[in-house]
Amino acid sequence: MYSLEAKNLCKWRDHFCVFSGVSFTLNSGESLWIRGDNGAGKTSLIRILAGLSNADDGELLWNNESFLADNSSYQGALHYISHQQTLISHLSVLESIELLFPLLGAKAASDISLSLNDVGLAGFEQQKVQNLSAGQKQRLSLLRLLLRNKPLWVLDEPQSHLDREGQAWLFSTIERHLKNKGMVIIISHAKDLPLTHVKSLDL
Amino acid sequence: MLLPELKTLYKLEWKQFSRSQGQWLFPVMLFILVIVLFTLGVDPEAKRLQEMAPAVIWCAFLLALLLALDHLWRDDYQNGVLEQMLIHTESPLQLLLHRVVIRWVLSIAPLLLCLPLAISMLQLPIGIFFPSMLALLSGSFVFWSLGSALSALTLNDRRPALMSLLLLPMAVPIVIFGSRVIKQSAVGESVSALVLMLVGLSILSLSITPWIMHAGIRLNLD
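If you're matching them up, the sequences are chains A and B in order. Just add 24 to the spot in the first sequence (first one is 1) and you have the numbering used here. Just add 12 to the spot in the second sequence (first one is 1) and you have the numbering used here.
So here's chain B without its partners, still in its complex pose (with noise of 0.2 Å):
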């Protein structure tokens, strides 16, 4: 893709966002609801709390991330203009993963806003907000990238649960991974070792998918 092209699609995404009509509040709300919904669950005790966290945390950010997900291809696939732009790019490729890495930077931007009030309520030290936001920005990409090729699979799917089933059990090294960060950044030991895991994983996704995605959408415009 040419630069004045690329430049056009990235302000034509921040156009679409910003006219939203706070669309991208609901994955924000859930993020945060499942979080107090938990910390009111269970027994008040901080270190109870801090035990359960990690995985809370995870969990509650890619469930949040699942319900962006859904808007990534649909809106744009259902009026026409996905295929059409797919028809008059040199390379659809890049096309797709230039707005895959938009939609994610503007998903995931405003759930990382809402990290330190959550490390907070779930009686965390707030030292960990660094490691934590490299683990669920690279563990994230894994998961959106996988999530942006399965949702381009089952586009014309009319089960909406179909995708979310799937692409969850995939999450299952994400979360192992970036709960184990959260944990050993909390008790002061090194989590490199991890982080690297997870980044190398959003590489290995970053690689595969883009074909995914173009396969996907082909097979559902064809």
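With the rest of the complex left out, here is chain A (with noise of 0.2 Å):
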């Protein structure tokens, strides 16, 4: 079982407060989703929980221990997928899998052709990840989800670029990821979210 704590997060730029007073508590098996307009603070509140950014002000406590303390064991526990896609133009989708989501803390450990099958990109395997539509690219980027289990997943926007039927498949991970006790920590401009026991917090 893990646990994810916000106390009264803050955040600054320039003299401005992007957010202030993030209070939440995520359990295993639970998801946040975090809303607000264009600028509000998600991407911004989604860094400070990734670990790439520090907060002004507040606490983060993973499993009770403060987040500064117990870094290493909060980031192995830990999947991000930014708004960015996070791939390198010119390596093909085996060579992205192989060489570059392994540097990501996503090793490969079972069978590479399942995975992409499961995200709609086999027979793609030698494809330059330059000559994929935008689409596959989340798709390939989200991919790391599956190759290596780890808790704690912080997505920011993973639906963008997807079709009705990735979405679908998007949304079917993270649910069945939730069913295994996973937490899920997700950004979305969705009117609606179609998972389960899912928490809001609105900036």
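You may find that some hints are simply not true.
[As the list claims (entries may be wrong)] Cβ pair distances, simulated, as ranges:
{"id": "1", "chain 1": "B", "residue 1": "125", "chain 2": "A", "residue 2": "205", "range": "28 to 38 Å"}
{"id": "2", "chain 1": "A", "residue 1": "200", "chain 2": "B", "residue 2": "23", "range": "27 to 37 Å"}
{"id": "3", "chain 1": "B", "residue 1": "49", "chain 2": "A", "residue 2": "34", "range": "34 to 44 Å"}
{"id": "4", "chain 1": "B", "residue 1": "117", "chain 2": "A", "residue 2": "113", "range": "33 to 43 Å"}
{"id": "5", "chain 1": "A", "residue 1": "97", "chain 2": "B", "residue 2": "230", "range": "16 to 26 Å"}
{"id": "6", "chain 1": "B", "residue 1": "185", "chain 2": "A", "residue 2": "223", "range": "54 to 64 Å"}
{"id": "7", "chain 1": "A", "residue 1": "173", "chain 2": "B", "residue 2": "223", "range": "32 to 42 Å"}
{"id": "8", "chain 1": "B", "residue 1": "67", "chain 2": "A", "residue 2": "97", "range": "33 to 43 Å"}
{"id": "9", "chain 1": "B", "residue 1": "220", "chain 2": "A", "residue 2": "113", "range": "28 to 38 Å"}
{"id": "10", "chain 1": "B", "residue 1": "216", "chain 2": "A", "residue 2": "47", "range": "31 to 41 Å"}
{"id": "11", "chain 1": "B", "residue 1": "16", "chain 2": "A", "residue 2": "142", "range": "16 to 26 Å"}
[Stated by the list, open to error] Derived coverage of chain B by chain A (criterion: at least 3 residues anywhere in the stretch with Cβ under 8 Å from a Cβ of chain A; other residues may be distant):
{"id": "12", "region": "50-62"}
{"id": "13", "region": "208-215"}
Everything labelled a hint here was simulated from the structure, so no lab data went into it. We put the CB at the ideal spot given by N, CA and C, even for glycine.
Join the two chains into one complex using the hints; note that each chain is given alone, in its own frame.
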């Protein structure tokens, strides 16, 4: 069982308060939907949760221990998918999986072809990333979630560029992860998320 | 960093280098062009060329490296790969250091292959090749690691010349020591003290710059 708790997080940028007083608790099997208008600070918050940025005030607790004190165990438990696709354009799909993803915390442990089939990229193994469509690139980015099992998924607009079928696959994968006692934090501009046990946080 | 992770990093860097569509050729061309323009621009008298040659080789070499330095972090910073690598590795300092060393080797190797050509164009004795190569290896590493740190600190800065303007003044001792190596070896004098000085500087830079690089990148990510 895992838990993530944020207490009164606050972020400033150039004397401007991006957000303040952000608090939530997330346990295994739960998801948090971060909502807000453009510029509300959703990405700033998620970058703090991914360990890329520091909060100016407040505290983050991972399994009841301060995030700062136990950074490595937190980051070992984390999959962070940013709104950038985090791919190198002149690598092929297979090279991305074999050479890039292991350095991004997702070493392929099982049969890669099964995972490629799952995200609808079977047959594209030798295709260069630069020749994939935006939706296919997003599917390839999301493949990292399947390659290595980690309890906490932090996803910044993961359904962008995905078609209806891709979105259905994404949310069923998230749902399966939650059933397996995982945790998901998601930024989405959708009107509704097809997930059970979803908490929302408005910025 | 664990050995398999390192092997993957080296393979990834090699793959990127081999797929860079000849990007590595630009510094090489700059190096050769500077030497060619210089030899065409001054009196072709051998003695005068030889007097100026050490400084010309060093300036051309460092300018070529400056061109290669521009791509060290920027591409992977812009596509989000760098930030993901940093949060998913247990030892970010090691990761950055290995990356800097790999990129240095890949940038400097083609330039060193052109060194005999530069030596013959500048009418220097070919016997200076080995000491010059040693000096260029150690001196360029100091320049490269300082450049890596400055380039990490200025990642978000949109003024492209800023890093160069900060870095080039730092290259003064490297050019002075490095040129003396070529000059002294051309007249058959011992250069071991000067080469050791450059090696010492490269060890010093190696021990300081990874922290600056890491701090610079984290600062720009925040």
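Please list, smallest to largest, the hint numbers that this structure does not respect. Hints 1, 3, 4, 8, 10, 12, 13 are the ones this structure does not satisfy, whereas the remaining hints hold.
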